[in-house]
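Chain B: place on chain A using the hints.
2 protein chains.
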Amino acid sequence: MTDNKQLEADFLELLKEQKAYQEALALIQWDLRTKIPPKGVDQRSEVIGFLSQKVYQIATSEKMKHFIDSLKGKASSQIIQRSLEECEEAYDRNRKIPEVEFKEFTMLQSKSESLWQEAREKGDFKLLQPYLEKLVEYNKKFAEYWGYEKNRYDALLHVYEPGVTTELLDKVFPDLRRSLTGLLKRITASDRKPNSAILQKHFPKQDQEKFTLEILKRMGYDFSAGRLDETVHPFAIAINPKDVRVTTRYDENDFRMAVFGTIHEGGHALYEQNIDQALAQTPLADGTSMGIHESQSLFWENFVARSEAFWENHFSLFQDIAPDDFSTISFSDFYRAVNEVKPSLIRIEADELTYCLHIMVRYELEKALINDEIEVKDLPGLWNQKMEDYLGIRPSSDREGVLQDIHWAAGDFGYFPSYALGYMYAAQFHQKLKETMDVESAIRSGDFASVKNWLGENIHQYGKLKKPLEILRDVTEEGLNPEYLVEHLQSKYASIYQF
Amino acid sequence: MTDNKQLEADFLELLKEQKAYQEALALIQWDLRTKIPPKGVDQRSEVIGFLSQKVYQIATSEKMKHFIDSLKGKASSQIIQRSLEECEEAYDRNRKIPEVEFKEFTMLQSKSESLWQEAREKGDFKLLQPYLEKLVEYNKKFAEYWGYEKNRYDALLHVYEPGVTTELLDKVFPDLRRSLTGLLKRITASDRKPNSAILQKHFPKQDQEKFTLEILKRMGYDFSAGRLDETVHPFAIAINPKDVRVTTRYDENDFRMAVFGTIHEGGHALYEQNIDQALAQTPLADGTSMGIHESQSLFWENFVARSEAFWENHFSLFQDIAPDDFSTISFSDFYRAVNEVKPSLIRIEADELTYCLHIMVRYELEKALINDEIEVKDLPGLWNQKMEDYLGIRPSSDREGVLQDIHWAAGDFGYFPSYALGYMYAAQFHQKLKETMDVESAIRSGDFASVKNWLGENIHQYGKLKKPLEILRDVTEEGLNPEYLVEHLQSKYASIYQF
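The listed protein sequences derive, respectively, from chains A and B. full-length UniProt numbering applies: residue 1 is where the first sequence begins, and numbers increase by one. full-length UniProt numbering applies: residue 1 is where the second sequence begins, and numbers increase by one.
These aren't lab readings, by the way, just hints derived from the structure by calculation. Here a beta-carbon is modelled for each residue, glycine too, at the ideal position from N, C-alpha and C. Treat each hint with caution, since some may be false.
As the list claims (entries may be wrong) - Once the Cα atoms are required to be at most 25 Å apart in a straight line, the calculated SDA-like pairs of lysine to any residue come out as:
id, chain 1, residue 1, chain 2, residue 2
1, B, Lys-39, A, Asp-222
2, A, Lys-35, B, Leu-25
3, B, Lys-103, A, Lys-210
4, A, Lys-5, B, Phe-50
5, A, Lys-205, B, Phe-50
6, A, Lys-39, B, Glu-230
7, A, Lys-63, A, Ile-48
8, A, Lys-210, B, Leu-25
Unchecked claim - Chain A stretches covered by chain B per the calculated footprint, using a threshold of three residues with CB under 8 Å from any CB of chain B:
id, segment
9, 18-30
10, 42-48
To be verified - Just a few of them, taken from the derived set where beta-carbon distance is under 7 Å, the chain A residues facing chain B:
id, residue
11, Pro-38
12, Lys-242
13, Asp-243
Here chain A stands alone, though its shape is the one from the complex (with noise of 0.2 Å):
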């Protein structure tokens, strides 16, 4: 048992020596995308491989597997044993793979991901297939490295939604789609729509941001653990347990952008800054997925932000601090602008209802893919297929079609569905809390504290403690299930469409 009490304080020391490197790793990517000048970077890019091999040489050294094989199942805390079953689980899924394949595999995403930018340019689907060829190849190999029990895009799911199957997916989403697309046949087909143009007014920056700061304020994001800034391409980062950062950007003739991307942001960093300090330094000091991650942003941007009960108590702070311009707006067109739906084709831009219709195409043509069922060459074609049939819109070039997002082009297949997992699961933890409360009338009242101590205590504070399955179990006491979605998005359309 001595022996056990020094291997454990061991383990933790190396865990801490790893999240040293990672915190520095995550301070280098936020000044990477916020602030760092441009002749800068390719020195920084080097630190970053080097800092990167450290961790990657931890999590694989001789000395973790020690420490896995001698403690687990004989840890002296449920922290310990957890941490230790994700070093395994870290250990196994990188040494299965050999070396000189991740390394190639490793040249091959940065290569690949510098094209995408050209080619997404250019619209020349061409100029990136042999590289999307060989990032497909390699997923299929490690997928079979990693091993499966149904299917082989399982083991890639697994990687980013841990529990979650192709066969749970395949379930859920075609109903999902059914209902979606039911919904915005009659959406489409309603002669009440609301004119999102009239949002379209100057809004300065510096007023953007006063609405925006006192809205994460009321959130109760913690300003002495975080930070606001600007960039390109939003995201939030924790640091540290303690310095969770949040970025957002701001289009001075469009508000949206800042406004609901800070409040989605400021619900991801809400999660980092609440989970349970006994954690920190060990990798459970984390998210627990991509999706309940993503549930945690979508229940603020859309459960929270987009809802009448949270306009009703912040229109008027909305209507001080804009522009004279939005004087003349009243709170319902208001409210419907905010929720207009639209068929559109860039994912990043989508509306709430037809978000998923976008992920579905993603994930029925990358599973195609890690099956052999669909060429790499015939992306385009399929791509623009599907969205003509499950959003009705056809992209005119592959720029605003296939080549739109970098997840592909950046070697990552089975990250997608968590886009969708996360409003399925956001829905569901929705509904379980307005079982436990009235949350209408505690957003109207602006009582976010309420909302916020129950995501933090039922969510937030697990880490990675529980997996993403678990947690939604133990929350709302079912599995997956489509239906809450549906029914706030028929609920919501129905009165703003009035169908």
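Relative to the frame of chain A, chain B by itself:
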């Protein structure tokens, strides 16, 4: 020979690793002083400790020793040879101190630094005294370990200003002091004093920023390889050779803080931005000493930005950007006001003339401490007496006296002389440049490029390839000579104070 080729490649690889850690540390330092939210600091300090240890481990490794022993004197390039010498010096300096003592010293430093804050606020020297006593003891021990020829203090001086000795300073400082105090008497006696109160008008931060950004740009500071941010104690930092950042502080009621402060830090940054890229990733890619670095910031601050020629060109821009209140100030009153001389208690607020007197107070005291001629407990009284002797004013509390600087509390003895050396070097470089070109006309016409290029060619490009006194001799064909500084101040103030 082939063996040496491989060894050299391995040596350069090790230097790169060390630089990678240093780059991460530099970014962390910049962030710590400009952006980090307060709660993030504790955990970040752990990361600093961890990464600093990695740098130290490389510097003192057997591997490093092996490279030094095998390659020194046989290197295939001057860059490798000089890098080996730098590494050897760092190796010896670190290894000569027993590890346990180094650890104790480091812990003492950090305790003392944080205690200094409290002691300064309370004006309570007794609080800090026992720590200072220990830090002085360690410095004396370290000086003995490192060795010296004539004076124990030389060993400490060497760390900051290699080649400069106590003997040299004792030859130069007394003459300089007599000249400065003589000038100060004539200035104090003058009845044509400038009135700096006319400068203390409200000047909005964003307008001050606009003006300083424009000046930085005109100086030739490369914004694609740097940026300007706010901080409490302004500094410049080279995170990598192409990411050299400047920081500043705005006082809305006194623009001098930001304008002259930014130009000062800009001078440091120009040095780092113009070091030969062939030195990148070696220990030579750095300013050659504290004093030469300071000469570059002072060159731009005092010899350029406080000159009449500079304002002849920039006063109209200044008045365009400054609030209307400034429009009634005449050029002559303005120029004289920014060059006001007034003995004051705080070093970092001192003017161009009295600054070196502040340094001499500190130099004499620390030299005497290290040579066992005085005791720590006597510092406050001795400090106050010397201030009265040299500047004619006496601190009423230790807060404005011996406790004002962090250097001693941080364990740094031997650092202060670099500031005064910077003044003398700058004057010597300025004199040489005047012999080469019509500097005044160039500044008047806003032709900073020729000034910047001359500094780049003669000083910046070499990094640490040349030692400070070597640079001084190569540029000016003589050694340290305080006469040029005295002449510069004499002629400047004779005109401003009309004596």
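Status of the hints after comparison with the structure:
1. B:Lys-39 with A:Asp-222: Holds, because 10 Å separates the two Cα atoms, which is no more than 25 Å.
2. A:Lys-35 with B:Leu-25: holds, 16 Å
3. B:Lys-103 with A:Lys-210: violated, 47 Å
4. A:Lys-5 with B:Phe-50: Holds, because 23 Å separates the two Cα atoms, which is no more than 25 Å.
5. A:Lys-205 with B:Phe-50: This hinted pair is violated, its Cα atoms lying about 40 Å apart.
6. A:Lys-39 with B:Glu-230: Distance ~21 Å between Lys-39 of chain A and Glu-230 of chain B Cα, so the pair holds.
7. A:Lys-63 with A:Ile-48: holds, 23 Å
8. A:Lys-210 with B:Leu-25: Violated, at about 33 Å.
9. 18-30: Coverage by chain B holds here, the residue count being 5 at a Cβ distance below 8 Å.
10. 42-48: holds (count 5)
11. Pro-38: With a closest approach of 5 Å, the Pro-38 of chain A hint holds.
12. Lys-242: holds, 4 Å
13. Asp-243: holds, 3 Å
Comparing the model with each earlier hint shows violations of hints 3, 5 and 8; every other hint is respected.
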